[in-house]
Amino acid sequence: MGNFRFHQYQVVGRALPTETEEHPKIYRMKLWATNEVRAKSKFWYFLRKLKKVKKSNGQVLAINEIFERKPTKIKNYGVWLRYQSRTGYHNMYKEYRDTTLNGAVEQMYNEMASRHRVRQHCIQIIKTATIPSKLCKRESTKQFHDSKIKFPLVFKKVRPPFRKLKTTYKASRPNLFK
Amino acid sequence: MQADQGPLPVQPFKRYVEIGRVALVNYGKEYGRLVVIVDVIDQNRALVDAPDIVRGQMNFKRLSLTDIKIDIPRVPKKKTLIDAMEAADVKNKWEKSSWGRKLIVQKRRASLNDFDRFKVMLAKIKRGGAIRQELAKLKKENAA
Numbered sequence: 001m002g003n004f005r006f007h008q009y010q011v012v013g014r015a016l017p018t019e020t021e022e023h024p025k026i027y028r029m030k031l032w033a034t035n036e037v038r039a040k041s042k043f044w045y046f047l048r049k050l051k052k053v054k055k056s057n058g059q060v061l062a063i064n065e066i067f068e069r070k071p072t073k074i075k076n077y078g079v080w081l082r083y084q085s086r087t088g089y090h091n092m093y094k095e096y097r098d099t100t101l102n103g104a105v106e107q108m109y110n111e112m113a114s115r116h117r118v119r120q121h122c123i124q125i126i127k128t129a130t131i132p133s134k135l136c137k138r139e140s141t142k143q144f145h146d147s148k149i150k151f152p153l154v155f156k157k158v159r160p161p162f163r164k165l166k167t168t169y170k171a172s173r174p175n176l177f178k
Numbered sequence: 001m002q003a004d005q006g007p008l009p010v011q012p013f014k015r016y017v018e019i020g021r022v023a024l025v026n027y028g029k030e031y032g033r034l035v036v037i038v039d040v041i042d043q044n045r046a047l048v049d050a051p052d053i054v055r056g057q058m059n060f061k062r063l064s065l066t067d068i069k070i071d072i073p074r075v076p077k078k079k080t081l082i083d084a085m086e087a088a089d090v091k092n093k094w095e096k097s098s099w100g101r102k103l104i105v106q107k108r109r110a111s112l113n114d115f116d117r118f119k120v121m122l123a124k125i126k127r128g129g130a131i132r133q134e135l136a137k138l139k140k141e142n143a144a
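Protein sequence lines, in the order shown, are assigned to chains A and B. Under full-length UniProt numbering, the first sequence has 61 at position 61, and the numbering climbs by one with no breaks. Under full-length UniProt numbering, the second sequence has 107 at position 107, and the numbering climbs by one with no breaks.
Isolated chain A (complex conformation) (with noise of 0.2 angstroms):
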């Protein structure tokens, strides 16, 4: 397990209780962040969106980050996303494979900047949930459900084994295979 960049975090909240109002509806969301201050801040955003609170009416009652349960599983992760483009919302499908569910969140991330120039404030992740491999629907997902997979490494660079090795010439030509 690495250094994520974004975290997963589980944001209860409700609207403060008032003379009308004893006892508000808790609401509760699981969002990524790449804090729990930008979390927080996240679940008002999405909470005002749908129903009528406001932070300075509300009160958030818990924040808790969740962590992978099994970050030694491989599993495929199906990305559901909603995302602003230079002309318009759009909504997207995205299929990842990876051990952790924030290495997948990652993944989009940087997926959607290289492929679709969507920086981060831009993309809203509507759901996301892990696919069992019948029900993929990428074919660059699918054809690592073999489990007699064998592939050959074609292009094999290889590097100083740390920083301080590297040279920028060399006095002969790399051999660039195996």
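No wet-lab data here; the hints were simulated from the structure. All of these numbers come straight from a predicted model, not from anything done at the bench. Honestly, I wouldn't trust all of these hints.
Claimed, not checked - On the chain A side, residues computed to face chain B include the following (Cβ under 10 angstroms): (1) Arg97; (2) Asp98; (3) Thr99; (4) Ser147; (5) Lys156; (6) Asn175; (7) Phe177.
Claimed, not checked - Think about it this way: if two alpha-carbon atoms lie no more than 27 angstroms apart in a straight line, the pair counts; the simulated BS3-like pairs of lysine-lysine are: (8) A:Lys156 / B:Lys29; (9) A:Lys73 / B:Lys77; (10) B:Lys78 / A:Lys148; (11) B:Lys124 / B:Lys96; (12) B:Lys93 / B:Lys61; (13) B:Lys91 / A:Lys150; (14) A:Lys94 / B:Lys61; (15) B:Lys78 / B:Lys93; (16) B:Lys78 / A:Lys73.
Stated by the list, open to error - Cβ pair distances, simulated, as ranges: (17) A:Lys150 / B:Leu135: 38 to 44 angstroms; (18) B:Pro73 / A:Val158: 27 to 33 angstroms; (19) A:Val60 / B:Asn92: 57 to 63 angstroms; (20) B:Asn92 / A:Arg115: 30 to 36 angstroms; (21) A:Lys54 / B:Gly28: 43 to 49 angstroms; (22) B:Asp116 / A:Thr34: 47 to 53 angstroms; (23) A:Leu50 / B:Tyr31: 48 to 54 angstroms.
Where is the CB? At the ideal position from N, CA and C, for every residue including glycine.
Given the coordinates of chain A, assemble chain B onto it according to the supplied hints.
Positioned in the frame of chain A, the structure of chain B alone reads:
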């Protein structure tokens, strides 16, 4: 991945990324360690395991594939992995292979202290002397 291509022609590749392939880590924190590829995550990463590390993912760029392959099911339990490694005798095979032996020699050379290096110098001189004696003998026989 290659199941639908029919019989494979002779490929120039001998070492494949496959489940059970033993690889050497050539970059990063685990540098120099032998690990086993236990599953493939996607095109660039593998799930990798060794008897004394937590199973984790590693980029193929950090791995150098070796010739050794052990027989394991797809994601084996730690105990199964250790048993399979014992059965295939990975450690001994590695230390006997020319690649493994070179690494051992490199490590030994890097850990010499000054007295050891002095001893190595004397040994080299002695060896050189013996070679030159033999050479001189052969030259004399040839000339005669």
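*Under 10 angstroms, Cβ to Cβ, is where Ser147 (chain A) needs to be relative to chain B, so tell me if that hint holds or is violated.*
The hint holds - Ser147 (chain A) has a Cβ within 10 angstroms of chain B, the shortest such distance being about 5 angstroms.
*Assess, step by step, whether the Cα of Lys156 (chain A) is no farther than 27 angstroms from the Cα of Lys29 (chain B), and give holds or violated.*
20 angstroms, holds
*Take the C-alpha atoms of Lys93 (chain B) and Lys61 (chain B), compute the straight-line distance between them, and say whether it is at most 27 angstroms.*
24 angstroms, holds
*Does the Cβ-Cβ separation between Leu50 (chain A) and Tyr31 (chain B) fall within 48 to 54 angstroms?*
50 angstroms, holds
*Could you check if Arg97 (chain A) really has its C-beta closer than 10 angstroms to a C-beta on chain B?*
This hint holds: Arg97 (chain A) lies near chain B, its Cβ roughly 5 angstroms from the closest one there, short of 10 angstroms.
*asked:* Check the hint pairing Lys78 (chain B) with Lys93 (chain B) against an upper bound of 27 angstroms on the C-alpha distance.
replied: 21 angstroms, holds
*Indicate whether the distance between the beta carbons of Asn92 (chain B) and Arg115 (chain A) respects the range 30 to 36 angstroms.*
Since the Cβ atoms of Asn92 (chain B) and Arg115 (chain A) sit about 48 angstroms apart, the hinted range of 30 to 36 angstroms is violated.
_For a C-alpha distance cap of 27 angstroms, please report whether Lys94 (chain A) and Lys61 (chain B) respect it._
Holds - the C-alpha atoms of Lys61 (chain B) and Lys94 (chain A) are around 25 angstroms apart, at most 27 angstroms.
*Should the hint that Asp98 (chain A) touches chain B count as held when the rule is a Cβ pair under 10 angstroms?*
Holds - the Cβ of Asp98 (chain A) comes within 10 angstroms of chain B, reaching about 7 angstroms at its closest.
*Holds or violated: Lys78 (chain B) to Lys148 (chain A), with C-alpha atoms at most 27 angstroms apart*: 20 angstroms, holds
*Is the interface hint for Lys156 (chain A) satisfied, with its Cβ closer than 10 angstroms to some Cβ of chain B?*
Interface hint status for Lys156 (chain A): holds (8 angstroms vs cutoff 10 angstroms).
*Going straight from one Cα to the other, do Lys124 (chain B) and Lys96 (chain B) come out at no more than 27 angstroms?*
24 angstroms, holds
Consistency note: the structure conflicts with the earlier hints numbered 6, 17 and 20.
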